[in-house]
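Enquirer: Single-letter residue listing:
There are 2 protein chains.
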Amino acid sequence: MLRMTQYRMNEFELIKMVTHGAPVSLDGLVCGVGDDCSVVTGHGGRDYLITTDALFEGVHFRPDWISPKTLGRKALAVNISDIAAMGGRPLYYLVTIGVPDKFPVKDIEALFDGMKATASAHRMHIIGGDTCGSKKGLLISITAIGEVEHAKCLYRKGATPGDVVYVTGTFGGSALGLSCLEKGLRGIEMREYIRRHDEPTPRVSTGLWLASSSCVSSMIDVSDGLAGDLGHIAEMSGVGIKVHADAIPLPEGFIRAAASCQKDPRALALTGGEDYELAFTVSKNKEALFEKMLKVVLPTFNHKIAKIGDVIEGKGVGVIDMHGAHLPLVSKGFEHRF
Amino acid sequence: MLRMTQYRMNEFELIKMVTHGAPVSLDGLVCGVGDDCSVVTGHGGRDYLITTDALFEGVHFRPDWISPKTLGRKALAVNISDIAAMGGRPLYYLVTIGVPDKFPVKDIEALFDGMKATASAHRMHIIGGDTCGSKKGLLISITAIGEVEHAKCLYRKGATPGDVVYVTGTFGGSALGLSCLEKGLRGIEMREYIRRHDEPTPRVSTGLWLASSSCVSSMIDVSDGLAGDLGHIAEMSGVGIKVHADAIPLPEGFIRAAASCQKDPRALALTGGEDYELAFTVSKNKEALFEKMLKVVLPTFNHKIAKIGDVIEGKGVGVIDMHGAHLPLVSKGFEHRF
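Protein sequence lines correspond, in order, to chains A and B. According to this note's numbering, the first sequence is numbered sequentially starting from 1. According to this note's numbering, the second sequence is numbered sequentially starting from 1.
Since the hints were made in silico from the structure, they are not lab data. Among the hints, erroneous ones may be present.
As the list makes no split between identical chains, a pair holds if one copy fits it or if it spans any two.
[To be verified] In the BS3-like style, the derived pairs of lysine-lysine whose C-alpha atoms are separated by at most 30 Å in a straight line are:
1. 263 - 135
2. 157 - 295
3. 152 - 263
4. 69 - 135
5. 102 - 183
6. 295 - 307
7. 135 - 183
Because the structure is a prediction, the values reported are computed rather than measured.
Same shape as in the complex, but just chain A:
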């Protein structure tokens, strides 16, 4: 994400204002504001997951840095990631686009081709939308709808002291890619990270498996930085989280690439945004079972799963080194400011 001008409210304060007094549950509403998706009662024992996420020109993307087709793919993928984070399967989406006056029709087509390619990969279908000329730059706002078995849905709340913290994949790659784009570094060794920034892969099948495992106590997708999003699990569960710095997966190539951009790889991994990996906690008495099942299923995933920390009594997220000493968070994670 591109950083914004400082303003008087950050995104979380604004969301708090907007959703003040919003119900957490109602007849038919299983879960309201405050998780990756809201959840409403569906049919046949399943619930619908509903989420909305928008990409704005000049804020989330620069058209000279990303092709319309890739942008279309990404706009839908970031919404699908929220469904994956609840253990759900994506079904439908609605798209609102604002198109600047001189935006070429072939680029609108490419944008929708990208969206359709991502939709098709997840067997999702468009069910509505609104289109509008925009005097003010391109924007894509998507509402995505998924489904989940009522009893299997995973929330941010649910972590208990003693639970173990796991993550899928690696972290910081997307933030490094953004840094490369900002600095004009397009060398072959940077392409992987630019691709991670431009083409996030929502972890749908992994999320479905985690939901079906009955071992997971809480889950979130990591879009605002690993430390920040683990903080959401901690806050919603009323617990603290201790992250073992050395357990965070930092591939050799990533460490080298970060260094060549004058970036601290650990700081990128903890606070960089837009990784779209999953972070989750496994119930303390199910860790052995989970590890056993994971060994069987992991070869079918195209990513690793790493144990990176523990749920503790208390609050907030702390990072410790191999000797147990607390390490500072270099930055507090990405914040949209208004």
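Fit chain B to the given chain A structure using the hints.
Expert: For chain B alone, coordinates are given in the frame of chain A:
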């Protein structure tokens, strides 16, 4: 709505491109793209209605013409109108807003106060959203979710030759109000029309009653102009519609106000946008029953219901005078162009 720069595609062409290949129905999807809302299977014999509609600064509104609070009310009301048009009851909404850098926080609060006031009047609840700084003007994109009894849902399709065409309320007032805003006419006799433009009243209770009456064969809300929206019923039902010009409700005050703005009142009523009234057809063999029931219930509505035309074999919408002569449509209705 403010008119846009001419562009290479109109809104309907763009929607066609976007939704090309989209399913009309799937397992769990009762109705896909192509009506006021899409419809997905709910629980307990009810379905969910889902719609999305956005307001863009400089396209749908000018901030010097409408207060943030009124804008918030309107942004949600236009979405609720789509739910009313299917005979549904609004339940939930998700809001994405893009806020310009220097937009005052008190105006964001006022915007949400307006939205909450409309939500509260309809017992709707916010269940999600996304907030973002916008380099490019204010925008509000809303997804609204309602519910309807499965068997009672009213679609644009369903009109049959011989059916009778009805409308709620009056038409053209909102377009006249926009014209007053454009011309800087703010006199006391114009305030009613400016209010109609700024503060649409979605016909939810009327829509619910119409759905429960079992007499209605098709329904739509009139947002793009009466002639244009009746055209959608005609197209989706595979029929023609004959409108009796003299039956269109044109109050005396409206005729005078239109004249003082050098506008043809009938043209405003047929092609002006944003009335957010309901247009519907009553099955030919149920007209007498419908009229009987209507007589009982009408005093509880705060608007009239008028019979304005007939469904015929053929296609398109024609307007005839009292002698049966065809009248031309002065304009083809409002089109967003891109």
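Enquirer: Now, for every hint given, state plainly whether the structure supports it.
Expert: Checked hints:
no., hint, in the structure
1, 263 - 135, "between (37 Å within a copy, 28 Å between copies)"
2, 157 - 295, "within (26 Å within a copy, 54 Å between copies)"
3, 152 - 263, "neither (39 Å within a copy, 60 Å between copies)"
4, 69 - 135, "both (22 Å within a copy, 23 Å between copies)"
5, 102 - 183, "both (28 Å within a copy, 28 Å between copies)"
6, 295 - 307, "within (13 Å within a copy, 70 Å between copies)"
7, 135 - 183, "both (29 Å within a copy, 22 Å between copies)"
The structure is inconsistent with hint 3 alone, although it conforms to all the rest.
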